[in-house]
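Given chain U, work out where chain X should sit, using these hints.
Protein chains in written order, with the working numbering: chain U, 131 to 312; chain X, 1316 to 1410.
Just so you know, the hints here were simulated from the structure itself, not pulled from any lab data. There may be inaccurate statements among the hints.
Stated by the list, open to error - Lysine to aspartate or glutamate pairs mimicking EDC-like chemistry, simulated, CA-CA at most 20 Å apart:
1. K1321(X) - E1363(X)
2. K1373(X) - D1397(X)
3. K284(U) - E1364(X)
4. K287(U) - D1398(X)
5. K284(U) - D1398(X)
6. K304(U) - D170(U)
7. K1407(X) - E1353(X)
8. K1402(X) - E1353(X)
9. K1402(X) - D1370(X)
10. K1320(X) - E1364(X)
11. K304(U) - D174(U)
12. K284(U) - D1397(X)
13. K1402(X) - E1364(X)
14. K182(U) - E244(U)
15. K284(U) - E1404(X)
16. K287(U) - D1397(X)
17. K1379(X) - D1398(X)
Unchecked claim - Computed footprint of chain U on chain X; a stretch qualifies when at least three of its residues, placed anywhere within it, have a C-beta under 8 Å from a C-beta of chain U:
18. 1375-1388
19. 1391-1400
Virtual Cβ for every residue (Gly too), placed ideally from N, Cα, C.
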Amino acid sequence: MTTWFFNPFTYIAGFKSLVIGWIIILVTACIAYYSHTHFDGAIDAHLHAGNKMYPAWHYVAEPFIDWSSLVLVFFITGRIFSISTVRFIDIAGTFAFTRWPFFFLALINFLAPETKDLSHISLQLLFFAFVSLGFCIWMIALMYNAFRVSANIKGSKSVWLFIISLIVAEMISKIILHYTLH
Amino acid sequence: MKQLKKSLPHVCPSCQSPLKVTSLSCDACETVVSGSFELPLLSRLSGEELQFVLDFVKSSGSLKVMAQQLGLSYPTVRNLLDDIIQKLENLKSEK
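Okay, chain U solo, but in the shape it has when bound (with noise of 0.2 Å):
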């Protein structure tokens, strides 16, 4: 149970797990465009609370360019790094599987408090954080993960290319989003 929770890729990957994981993603998305629920970053999730209202299409694009940035990435690190073959559908399709705990991020960013003073922060605003940063955590360690598998990298070498690669992704994707969405 723990092994489908945290590393389901011994089981799934390449192009069924690339389906599985585009239709969370547009799932994922109309709830966020419901929860007010932005995805502006590989590993972000803000909930937007302002007047501004965005298009239903920027909730879309958002997570497709956060995936397009891990994978991109993540596939030229494997490439370099590896010694086993990479393919491309399986770092594709196992990133694209790791969006599922923001599934439920979106989902519960319905019930987020609102908050129009940050020197106030209550306690069930506390709990809603604490919640929200467990479900990132969750991503980070598919994210892990699937790398971990599909590019076949160990120990030590594992962990420090896994840390650069999601800094350089989560830069990227902050970029692209900067001068096309927002």
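Showing chain X alone in chain U's frame:
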């Protein structure tokens, strides 16, 4: 009585050096051949690894078929194969 399953040792329990075969015998006529023979590379793999190699050969070298048979993803099976290849390379360079 429970049948004891013996596995072929390939490293010296004392110094961890690779073991060699020094005698072979025929069960039918009791002829004994003595000498110093190296163990085949594949025999130095563990039981699980050897089974994987056999399954790989039986599936005509198709990792996709192997993945389906084992209920694992394609990269997981490829990683297992790559690990065995790496182990064989290391064993070869130990010689």
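Taking the hints in turn, this is what the structure says about them:
1. With a C-alpha separation of about 14 Å, the suggested pair K1321(X) and E1363(X) falls inside the 20 Å cut-off, and the hint holds.
2. Distance hint between K1373(X) and D1397(X) is fulfilled; the C-alpha atoms sit about 18 Å from each other, no more than 20 Å.
3. The hinted pair formed by K284(U) and E1364(X) meets the criterion: a straight-line CA distance of about 19 Å does not exceed 20 Å.
4. Taken as a hint, the K287(U) and D1398(X) pair is honoured in the structure, with Cα atoms around 16 Å apart against an allowance of 20 Å.
5. Distance check on the hinted pair: K284(U) and D1398(X) sit about 11 Å apart at the alpha-carbon level, within 20 Å; holds.
6. Proximity of K304(U) to D170(U) is assessed by CA-CA distance (about 7 Å); at most 20 Å being required, the pair is judged to hold.
7. Our distance criterion of 20 Å between C-alpha atoms is met by K1407(X) and E1353(X), whose separation comes to about 12 Å.
8. With a C-alpha separation of about 17 Å, the suggested pairing of K1402(X) with E1353(X) holds against the 20 Å cut-off.
9. For the hint linking K1402(X) to D1370(X), the alpha-carbon distance of about 18 Å falls within 20 Å, and the restraint holds.
10. Note on K1320(X) and E1364(X): the hinted pairing holds, with a Cα-Cα distance of about 17 Å set against a maximum of 20 Å.
11. Simply put, K304(U) and D174(U) have alpha-carbon atoms about 9 Å apart, close enough for the 20 Å limit, and the pair holds.
12. Under the criterion of a C-alpha separation no larger than 20 Å, the hint pairing K284(U) with D1397(X) is consistent with the structure, at around 12 Å.
13. Straight-line distance between C-alpha atoms of K1402(X) and E1364(X) comes to about 10 Å, which keeps the hinted pair within the 20 Å bound.
14. For a cut-off of 20 Å, the pair hint linking K182(U) to E244(U) stands: about 16 Å separates their Cα positions.
15. With a C-alpha separation of about 18 Å, the suggested pair K284(U) and E1404(X) falls inside the 20 Å cut-off, and the hint holds.
16. Pair hint K287(U) plus D1397(X) holds up; C-alpha atoms about 17 Å apart against a cutoff of 20 Å.
17. For a cut-off of 20 Å, the pair hint linking K1379(X) to D1398(X) stands: about 17 Å separates their Cα positions.
18. Evaluation of the coverage hint for the region 1375-1388 of chain X: fulfilled, as 3 residues show C-beta separations to chain U shorter than 8 Å, against a requirement of three.
19. Counting residues of the region 1391-1400 of chain X whose CB falls under 8 Å from any CB of chain U gives 4; the rule of at least 3 is met.
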